[in-house]
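Chemist: Read off the chains here:
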Amino acid sequence: MKATRYNPLLMVLKLWHLIRNTSVIFFYVFVVKSEYQSTLYSYLRIGLIVAFVFTVLYIILKWFTEKYQLEEEAIHLYKGVFQKSQRMIPYSKIQDITRHRSLFHRLFMVTSMKLETGIEGQDATVKFEVVSQKEAKEIERHLNIVADDEWMNKTLHFTPAKKDILKASITSFSFLVLIPIIASLYTKMDELFHVEEEAAGILKEVINYGWLVTILLLVLAIVSTIIGVMKTYIKYGNYEIFSDYERIYIKKGVIEESSFSIAKSKVQAIEINQSPVKRLFGLAEVKLTSAGSESEGDDGLAVNSLYPFLPVKRTYEMVSEILPSYEVIEEMNPLPKKSLLLRMVRPSWIWIIATGCLYYFKPTPLNIEEAWGLVSIILLGFILVTRFLGFLNTRYILNKNFIQYKKGILGTSLFISKRDKIIEVNVERNMMQQLLGLATIETINRGKPVKHRVMRDVPVEFAHQFYKWYMGRRNEIKVTLHNVS
Amino acid sequence: MNEQINLPVRKLSRDVIKVWLISESIENGIGFIMLGSLLYLDYLFSWKEWIGWILLGITVLGVGGSLWSFIRPFILYKNWRYDVDEEFLQFKSGVVKQVYQLVPMTKIQSVAMEQGPILRKYGLYSVSVETMGSSHAIPGLPEEVAIELRNQIAHYARLKEVEE
Chain A
1 MKATRYNPLL MVLKLWHLIR NTSVIFFYVF VVKSEYQSTL YSYLRIGLIV
51 AFVFTVLYII LKWFTEKYQL EEEAIHLYKG VFQKSQRMIP YSKIQDITRH
101 RSLFHRLFMV TSMKLETGIE GQDATVKFEV VSQKEAKEIE RHLNIVADDE
151 WMNKTLHFTP AKKDILKASI TSFSFLVLIP IIASLYTKMD ELFHVEEEAA
201 GILKEVINYG WLVTILLLVL AIVSTIIGVM KTYIKYGNYE IFSDYERIYI
251 KKGVIEESSF SIAKSKVQAI EINQSPVKRL FGLAEVKLTS AGSESEGDDG
301 LAVNSLYPFL PVKRTYEMVS EILPSYEVIE EMNPLPKKSL LLRMVRPSWI
351 WIIATGCLYY FKPTPLNIEE AWGLVSIILL GFILVTRFLG FLNTRYILNK
401 NFIQYKKGIL GTSLFISKRD KIIEVNVERN MMQQLLGLAT IETINRGKPV
451 KHRVMRDVPV EFAHQFYKWY MGRRNEIKVT LHNVS
Chain B
1 MNEQINLPVR KLSRDVIKVW LISESIENGI GFIMLGSLLY LDYLFSWKEW
51 IGWILLGITV LGVGGSLWSF IRPFILYKNW RYDVDEEFLQ FKSGVVKQVY
101 QLVPMTKIQS VAMEQGPILR KYGLYSVSVE TMGSSHAIPG LPEEVAIELR
151 NQIAHYARLK EVEE
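Respectively, the protein sequence lines represent chains A and B. All residue numbers for the first sequence refer to my numbering, where the first residue is 1 and numbers rise by one. All residue numbers for the second sequence refer to my numbering, where the first residue is 1 and numbers rise by one.
Please keep in mind that the hints were generated in silico from the structure rather than gathered at the bench. Some clues are possibly wrong.
Unchecked claim - Derived lysine-lysine pairs resembling DSBU-like cross-links, with alpha carbons at most 35 Å apart:
(1) B:K92 / A:K93
(2) B:K160 / A:K338
(3) A:K84 / A:K287
(4) A:K400 / B:K48
(5) B:K97 / A:K407
(6) A:K362 / A:K127
(7) B:K18 / A:K418
(8) A:K162 / A:K287
Start from the sequences, fold in the hints, and give me the full structure.
Modeler: Pasting the structure below:
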């Protein structure tokens with residue numbers, strides 16, 4: 001295939017972004033301040049128009065000079081208006097693919113696409129801001145991805161039913177969505193009309209009609225719930241998790257659509273996370289670690305997350321369904337009692353410094369003389385309770401070529417990785433640990449940022465086993481020759 | 001950790017103790033000059049009382065730290081071990097805090113030899129490796145050992161893993 005320019009709609013999109021970003025300043029200078037005829041304003045207006053025209057020209061020029069080319073083994077990118085550059089990215093280096101369709105893309109039946117390479121620096125991502133569905137398919141074909149309409153071998157693992165959406169909206173507290181809105185409305189109204197004074201008068205009357213208040217609150221609650229569920233639906237409604245022999249696909253979004261796809265062999269690790277609320281409801285989130293994509297998405301919702309509100313049991317099944325080479329063991333080893341001892345007596349720098357400051361300044365809130373001591377004791381108690389909970393929630397196990405560990409205080413996080421995906425291990429023992437026969441182990445995995453997972457105070461025998469286990473990776477890796485710089 | 005696994009055995013050059021002692025002395029010297037000037041300024045402008053206390057605390061810690069820094073190089077040297085084979089680069093260091101590190105050869109992205117002015121005085125090199133997730137340095141090796149080690153690492157690290 002020869003080098004082609006990007007889709008011409010790219011210029012339209014860029015122009016639209018330009019207009020969107022500059023409309024406020026244009027409106028301000030040309031409409032709001034239209035009666036200002038000073039030289040400063042006339043220069044400003046001319047300057048703005050010139051800058052706008054140049055930006056538009058640049059957008060067009062840029063489109064003419066940027067090209068891409070899909071070769072057999074790699075994708076070639078050409079860019080640069082004045083200084084030309086050419087980049088080659090082998091397909092084998094691409095870790096995962098994200099597609100996103102905003103309303104603009106849906107209107108013109110196109111899509112945007114991001115290929116993540118997992119290298120350091122800003123050139124890590126190959127971005128196609130506008131690409132037609134046909135082109136997108138062509139790119140995916142080079143990456144060995146089965147296109148949307150060739151579902152034959154794809155299995156659907158999950159799509160949320162009505163009750164899942166309801167559960168999701170409850171656990172994410174989205175039904176409380178109206179409260180901040182009403183509060184902000186109220187404060188704004190208050191600034192304008194001094195609602196508070198008038199309301200006080202009205203309130204007195206309203207309170208006399210108790211049933212009216214009840215109905216009002218009820219209506220508000222219902223509206224709030226409906227909006228909350230709708231918001232959740234928009235966010236998580238069309239969630240679909242698919243997989244075929246080679247890859248995993250996650251699609252989501254009702255209004256704006258996005259999809260994420262990763263080769264099973266490129267999954268670096270899995271995390272099963274439970275926030276305190278999710279733990280209460282028996283739900284969990286499964287995250288796939290990729291060396292390419294950032295683990296947090298733009299809106300705080302990670303693209304690489306399998307549905308964030310799965311029943312815990314289902315998460316375990318799902319992991320083994322989607323990644324047959326993985327298995328999750330539910331029964332894991334707890335820490336020995338002596339590590340609780342160590343965790344309890346380990347000096348807490350926060351507490352020492354806080355107590356030092358409290359002792360020096362001796363604040364007396366509420367006229368309590370000995371408040372500093374009280375605060376210090378409460379802080380100590382709090383720290384000890386967190387440590388105790390941390391001890392209780394800690395679990396670990398080595399299972400064939402997997403390592404699993406679980407940590408957490410109120411919520412929990414279970415980390416699972418295969419031996420060949422771990423890029424380095426460390427074992428550390430401080431003086432107390434040497435005395436008690438304990439150790440701290442650490443695994444490092446690829447990811448963005450690189451994932452360091454530390455497990456403190458495991459028995460030294462386990463650390464020893466762990467070190468040996470990691471050395472065993474020599475039997476399962478296959479190697480090829482590469483040049484190192 | 002017991003001896004069943006092949007823990008690393010190769011040691012650094014003994015001269016590295018001198019290198020560490022010299023660099024520690026220089027660092028301590030600079031630190032004490034700075035501290036001294038702060039103490040003098042405190043005396044001159046009679047700063048708030050608590051600043052004085054903090055400076056005193058730092059001085060006590062600094063004196064303790066500098067005494068320790070004249071003992072530490074000997075202990076560090078005694079316990080520093082590294083080793084290299086076809087599959088792994090291993091490090092072990094520390095007594096008070098023991099650290100064992102295990103880096104697969106296939107994950108090493110670059111290897112370099114470095115030499116600062118003090119190392120040069122003793123004809124030593126430090127060999128450093130970078131992986132995707134971390135970097136490590138072997139601080140003081142004689143020139144021929146360093147060159148050999150670098151070549152060895154570069155040779156083994158040519159192999160990269162296939163992601164199936």
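Chemist: Against this structure, judge whether each hint is valid.
Modeler: Right, here's what the structure says about each hint:
Taking the CA atoms of B:K92 and A:K93, the gap is near 33 Å; set against the 35 Å cutoff, the hint holds. This hinted pair does not check out: B:K160 and A:K338 have alpha carbons roughly 41 Å apart, beyond 35 Å. At roughly 39 Å between alpha-carbon atoms, A:K84 and A:K287 are farther apart than 35 Å, so this suggested pair is violated. Distance restraint check for A:K400 and B:K48: the Cα-Cα separation of roughly 62 Å exceeds the 35 Å cut-off, and the hinted pair is therefore not satisfied.
Using a Cα cut-off of 35 Å, the hinted pair B:K97 and A:K407 holds, with the two alpha carbons roughly 23 Å apart. With a CA separation close to 57 Å, the supplied pair A:K362 and A:K127 exceeds the 35 Å bound. The hinted pair formed by B:K18 and A:K418 fails the criterion: a straight-line CA distance of about 43 Å is larger than 35 Å. Our distance criterion of 35 Å between C-alpha atoms is met by A:K162 and A:K287, whose separation comes to about 23 Å.
Hint compliance for this structure: hints 2, 3, 4, 6 and 7 are broken, all remaining hints hold.
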